[in-house]
Amino acid sequence: MARADVLVIGGGVTGTLAAITLADAGASVTIIDAGVNAGSDANAGSLHVQMQSRFMRLYPDQVPNVEASLPFYRAAAEEWVRLDAVLGGVELVRNGGLMLAETPDQLAFLEHKADREAAQGLSVEILDRRALDQIAPWLGPHIIGAELCRDEGKLNPLLANRLLRGRADAAGITRINGKVDGLALTARGVEATTAEGPLQADQVIVAAAWGAGRLADGFGVSIPTRAEPLHMNITEPGAPSINHLVQHAERSITLKQFGSGQIVIGGGWPATYRGPTQPPLVRPSSLLGNVALAAKLAPAISGLKVIRTWAGMNTTIDGASVIGALPGAERIIMAIPGDAGYTLGPMVGQMAASIALGAQTGFDPERFTPARFAV
Amino acid sequence: MTEITFTFDGHKIAAREGQSLAAALTEAGHRAFRETAKSADRGMFCGMGVCQECLVSVDGMPNLRACMSPVRDGMVVAKQAPFPEFSGAHVAPSAPMHLSPDVLVIGGGAGGLSAAITAARAGADVVVLDERKVAGGQYYKQSADGSVLDAQQQEGAELLATARGSGAEILSGVELWGAFDPLLFLAQQGETAIVARPKTAIVATGAYERPVMVPGWTLPGVMTTGAAQTLWRSYGTLPGKRVVVCGSGPLNLQVALELARGGAEIVRLAERAPHPLQRPFASLKMGVAGPSQTAKGVTMELALRRRGIDMRNACELVGVTQSGSELLATFRSAAGVEDTIGVDALCMNSGFEPQNEILRLLGAEMGYDPAMGTLRCHTDDAMHTNVSGLYAVGDCKGLGGAPTARQEGIIAGAHAAAATGHGDAYDLFAARRALASHRRFQSRLWELYDIAPGNAATMPDDTLVCRCEELTIGDLRNGLEGKPGHAGTLKRSTRVGMGRCQGRYCGPVAARMVAEATGKPVEDLSFFAPRVPIKPVAISSILAAEEALYGEG
Ligand SMILES: Cc1cc2nc3c(=O)[nH]c(=O)nc-3n(C[C@H](O)[C@H](O)[C@H](O)COP(=O)(O)OP(=O)(O)OC[C@H]3O[C@@H](n4cnc5c(N)ncnc54)[C@H](O)[C@@H]3O)c2cc1C
Ligand SMILES: Cc1cc2nc3c(=O)[nH]c(=O)nc-3n(C[C@H](O)[C@H](O)[C@H](O)COP(=O)(O)OP(=O)(O)OC[C@H]3O[C@@H](n4cnc5c(N)ncnc54)[C@H](O)[C@@H]3O)c2cc1C
Ligand code: FES
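The listed protein sequences correspond, in order, to chains A and B.
Each residue of the first sequence is one higher than the one before, counting from 1 in the numbering used here.
Each residue of the second sequence is one higher than the one before, counting from 1001 in the numbering used here.
Simulated from the structure, these hints should not be mistaken for laboratory data.
Taking CB as the label site, the calculated pair distances span:
| id | chain 1 | residue 1 | chain 2 | residue 2 | range |
| --- | --- | --- | --- | --- | --- |
| 1 | B | Met1061 | A | Gly362 | 45 to 55 Å |
| 2 | A | Phe363 | B | His1098 | 49 to 59 Å |
| 3 | B | Asp1461 | A | Gly182 | 42 to 52 Å |
| 4 | B | Met1061 | A | Ser222 | 50 to 60 Å |
| 5 | A | Phe363 | B | Asp1009 | 52 to 62 Å |
| 6 | B | Ser1388 | A | Gly166 | 39 to 49 Å |
| 7 | B | Asp1181 | A | Ser222 | 29 to 39 Å |
| 8 | B | Gly1029 | A | Ala171 | 49 to 59 Å |
| 9 | B | Arg1332 | A | Gly166 | 32 to 42 Å |
| 10 | A | Thr193 | B | Thr1518 | 21 to 31 Å |
| 11 | B | Ser1388 | A | Trp138 | 37 to 47 Å |
| 12 | A | Gly89 | B | Arg1332 | 39 to 49 Å |
Glycine included, every Cβ here is placed at the ideal spot set by N, Cα and C.
Bound conformation, chain A alone (with noise of 0.2 Å):
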């Protein structure tokens, strides 16, 4: 195998951008990867900005990590904005994104975000049940109100996926498919051990999700990145009918509709856990609870039937991404988005990039270095 100037692990979005932009700069990059529990391949592809209420009952104290990432979720909004017109179309759609409340306990605490992420520059704003109406007829009668944020959206990522590959090919970018089992100095660069042999190359960028953090072991830190398998459903295509990507107050779901027609049901329901090799396994009760849920909140859709349902491994850290040079080791650059990896990973990627051409990133380094996880 040649020598390249970078080796990315992993070839999810994240790892894709960055070697995108590291080949559009010039250099001669590989992707390595394992070809296993991809989160980008398994992912709804909702444009994330506004803070979920799920990670936030779940991890409560990663919410000011979260709230100081606010501006940053938004640029990656942007940023997928940008590579929608360069790739020619991966069904974007920016209408924004509605968190529902169905009490006024839910209301008030909407209310108190919204607050604190118009303070962060979001473009927010609490709905009544009149103003709903004429944008989500469809919601279920219980509904009072909701937060509506206009940075949301949705995008195909399947279709967004293909055609980043594409361009990956045509940037004459090395794919090989393959598991990194551990990470080295050399004189001269980086030394990656694989089953087929060792990769040489002067830097690394790893892209790993679920996989980074035992690649980082042995360099001065731990970075805690979980493998989180979750759950999703998807219906038969009705007549387009919901624009927005709807999430709720206070319950685990995201909703919304594919420009197939097709309603894409998830929002972080748990699937069992297997191994880093196999996919996670469906559970019933993600299952019967997510749908159940779904048709709650919209029960327009209970005509429709489910026709799939599938378990994907997403990756939790701390609630802001790692990005950025090892402490002690600045060829190898992590490059892990954490919570809505699939909004985030494109400029998770080209920032990782920026970092390994001596570049800038546009971001406060400090709010994402890989050293505060220092042991």
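Add chain B with the ligands to chain A, keeping to what the hints say.
Same frame as chain A, but now just chain B with the ligands:
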């Protein structure tokens, strides 16, 4: 039979009570049931609830399968638009049904009914779930009105009566859509959700038919041979006046004769394999293995010849086009000569694909059978899979035919009952001996036909492969350029197999294409990963099941 009427797109149609909507529409000359996203017409294809092509809207409810829906007086039926308006009012879920028998039998065909009888007689508490309105399965397909057409149907009626008398509970019109570890099953019977947690489960879901993929195989009026058989045997409906039957295998012979006797004009019966007499040794081996079945086959062939039916061997369908209300089917002979005939209906069968979704979902071990081009589920002598408490019998394991399914059913039924403390499953020597003999006959029989899967490499680029997503073999070939390591990767990049039918037709083709391109052997993992729901499931039904299992309200 009671005459009833309903409307289809405003046309008044007379039907007989008990007919399926698909049969009634076919009889009235309507073939296009739905329109696709790309504005193509589709109609009944599989006739057994698998292909999801026969969708119509009924009284404002979208996407009902006409082949599985009985016609009712006064129904307002409309051609299905690709993107129906949301119709769902919040349906109040009806009371769910909880089942926890000793033995749950999934599928009430030859295998399932035999298993149920044996297990119930041993004293086990047995429930059979079957999708069709009347159980019996494909071989013993029963008529909707209880009339009996021939010895085959009579034998089935007797089996069904024995099963009913055995103490086993038989629930019809039940579609099982979810299977989860450890033996948790979710099903729907109309509006009612069924949650089953049996001690043991016997999967006997049979097979569906492999088509002949040529340009035009998706046109309304083109259907599987078994779909035509169901129209006739269950509903007394002919698929058309002028009919051509093609593909490979004995079902084509049998159904051509049945339809001819029913009054259809069989314009041609085209078999892809050369005539058995050109392979006398193979024919002889079959004759020795199963003299009575072989004699039955010879009798059928003679009867067809006596009727003057144009029977051709080494004759292959190359394409179908539509001209007005007529289908033009083009065939090619071994010598390469092409000719085109005009018909009302074209029936095709080119072998069978096992309905092994439940087994795969539960992690039953599979191996690939290259001769048949299908997965085979591994079971031990007791028909037990590697999954605790899970048995498999009949065609869902890999094609074996009805007599094989019956003996396997007897063996599995006895063992499942014994496993739950009923009987000892000792006296199975006769069943095992009969099973060995049927299996011998089957293996010889199929040597005479050309049922290995078609070679995708010779298919013209514009041949549709994925009916649901409307993708051609050319689209898949383009997808292969992205060097997918797995059929699942090809699925994500091209959408092949992402439709309602869950890749039942395109899946095997995609699996073999990717395996060939990557130089890997075909195995269980080559195929699309099995997914819940096995068949599309109404959200209202999910609501009901959720209430039943978690009762959260
Ligand atoms: C069901 C589901 C729905 C989701 N929905 C959304 C959504 O709507 N919106 C959103 O913004 N985000 C969503 N996400 C999150 C998002 O999909 C991921 O966070 C994102 O795709 C991560 O992209 P990535 O490129 O960083 O990593 P991934 O796409 O996960 O790719 C990492 C790759 O690295 C490989 N790898 C790991 N270790 C090694 C190693 N040692 N050597 C070689 N290769 C290795 C893996 O095999 C994998 O292919 C969802 C996630 C899931 C699971
Ligand atoms: C359309 C068709 C026609 C055939 N006709 C003949 C013929 O005429 N002569 C011949 O020799 N062989 C015929 N065969 C071959 C036939 O399948 C077998 O020989 C025999 O019927 C196998 O018995 P079995 O019990 O394995 O499956 P089957 O008899 O097919 O029984 C399977 C049963 O399972 C039910 N089922 C399947 N999936 C589900 C589910 N998810 N939920 C609930 N119920 C389910 C089905 O409704 C069916 O009743 C035919 C096959 C097909 C597909
Ligand atoms: S014809 Fe009804 S599902 Fe295939």
